[in-house]
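Number of protein chains: 2
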Amino acid sequence: ARPRVGYFYTGKTGAQLLTEKIGKLTVKEYQSIPVVVNESASVYDAICTMFLEDVGTLFVVNGSSCLVGILSRKDLLRASMGKQELEQMPVNIIMTRMPNITTCSADDLLSDVAQILITKQIDGLPVVNKKDGSSNSDMEVTGRITKTSITKAFVDIANNRIV
Amino acid sequence: ARPRVGYFYTGKTGAQLLTEKIGKLTVKEYQSIPVVVNESASVYDAICTMFLEDVGTLFVVNGSSCLVGILSRKDLLRASMGKQELEQMPVNIIMTRMPNITTCSADDLLSDVAQILITKQIDGLPVVNKKDGSSNSDMEVTGRITKTSITKAFVDIANNRIV
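Listed in order, the protein sequences are those of chains A and B. Counted the way UniProt numbering counts, the first sequence spans residues 54 to 216. Counted the way UniProt numbering counts, the second sequence spans residues 54 to 216.
Just to be clear, a hint being listed does not mean it is correct.
No copy is singled out in the list; a pair is fine if it fits within one copy or between any two copies.
As the list claims (entries may be wrong) - Computed list of lysine to any residue pairs in SDA-like fashion (alpha-carbon distance at most 20 Å, straight line): (1) K173 to V208; (2) K173 to E73; (3) K173 to N212; (4) K127 to Y97; (5) K81 to P152; (6) K173 to D161; (7) K173 to D209; (8) K205 to Q168; (9) K173 to L105; (10) K74 to F104; (11) K184 to S95; (12) K173 to F104; (13) K205 to D191; (14) K136 to C101; (15) K127 to L139; (16) K127 to I169; (17) K77 to N212; (18) K127 to T195; (19) K173 to E106; (20) K127 to T156; (21) K205 to D161; (22) K127 to E140.
Calculated directly from the structure, the hints in this document are not laboratory data.
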């Protein structure tokens with residue numbers, strides 16, 4: 054019998070195997086906690102929340118904790134340039150809303166989400182749990198995946214912590 | 054003589070080899086064009102530049118095109134919340150300045166820069182060319198490296214485009 058040490062040819066190169074491993078990383082391994090504001094909050098409140106929580110993207114939810122919108126730093130900066138009173142302006146005037154929100158789920162591949170962030174030029178996606186499979190309207194926000202999450206995964210790969 | 058096909062043992066696994074390749078990626082392969090404003094520009098001008106160029110970080114330069122400061126979306130949002138006139142406020146009042154600016158050079162490793170972005174919790178670094186090796190004060194800005202650059206590198210790895 055040949056000794057069980059060294060290399061056995063599997064039909065794939067080691068590089069292919071690692072690429073496959075990277076390609077199998079999922080959202081749930083790198084997602085962070087979502088930061089949400091209620092749809093009745095003011096733009097002023099949203100800006101304060103963004104600074105206090107130090108995030109770049111806020112998710113807007115309704116009374117049933119379901120996702121109804123997204124606010125980026127850019128949206129808030131644009132609003133704060135205007136002449137209106139930020140305390141009086143509700144976030145649902147300036148937020149991005151369905152069907153223009155891209156979401157992902159905890160089991161999605163990190164590489165697919167990274168591709169979406171690049172292609173759509175957005176900073177982060179909400180990780181959602183669809184309460185009712187047939188409807189887009191009932192989505193509970195369970196996480197947040199951003200370019201920071203992807204950068205953390207990159208550091209892990211470079212430091213050989215994936216394998 | 055053994056046939057020159059298949060695998061030869063090099064003392065390293067294929068995974069180690071790919072990790073090494075990823076660890077050798079440099080800033081210059083993924084940097085993008087820097088967007089700068091002059092130190093005499095107003096905060097209002099800076100916000101307009103940020104929207105027009107669609108970037109998250111602006112670099113502030115002096116009359117000799119040398120780096121004197123950095124402006125993030127957060128800095129600009131904070132300023133725009135205040136009561137002062139943005140057209141009258143110069144950017145050098147609110148910018149981050151030396152020695153609190155972290156820079157990198159085109160030959161730095163992408164993995165080191167990714168680690169800095171995570172550790173220091175910043176969105177992007179200026180890529181600089183030190184005109185005078187002995188001084189920190191004369192730095193020409195030649196590029197920009199951000200979490201977007203790192204996310205692009207991640208997508209390339211996942212799609213097996215590095216090897």
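Against the structure, the hints come out as follows:
no.	hint	verdict
1	K173 to V208	between (23 Å within a copy, 14 Å between copies)
2	K173 to E73	neither (24 Å within a copy, 30 Å between copies)
3	K173 to N212	between (29 Å within a copy, 18 Å between copies)
4	K127 to Y97	both (14 Å within a copy, 14 Å between copies)
5	K81 to P152	neither (24 Å within a copy, 38 Å between copies)
6	K173 to D161	within (17 Å within a copy, 28 Å between copies)
7	K173 to D209	between (25 Å within a copy, 16 Å between copies)
8	K205 to Q168	both (16 Å within a copy, 8 Å between copies)
9	K173 to L105	between (27 Å within a copy, 17 Å between copies)
10	K74 to F104	neither (36 Å within a copy, 38 Å between copies)
11	K184 to S95	neither (27 Å within a copy, 48 Å between copies)
12	K173 to F104	between (25 Å within a copy, 16 Å between copies)
13	K205 to D191	neither (30 Å within a copy, 32 Å between copies)
14	K136 to C101	both (18 Å within a copy, 16 Å between copies)
15	K127 to L139	both (15 Å within a copy, 17 Å between copies)
16	K127 to I169	within (19 Å within a copy, 24 Å between copies)
17	K77 to N212	both (18 Å within a copy, 12 Å between copies)
18	K127 to T195	neither (23 Å within a copy, 25 Å between copies)
19	K173 to E106	between (25 Å within a copy, 16 Å between copies)
20	K127 to T156	within (19 Å within a copy, 25 Å between copies)
21	K205 to D161	both (17 Å within a copy, 18 Å between copies)
22	K127 to E140	both (18 Å within a copy, 19 Å between copies)
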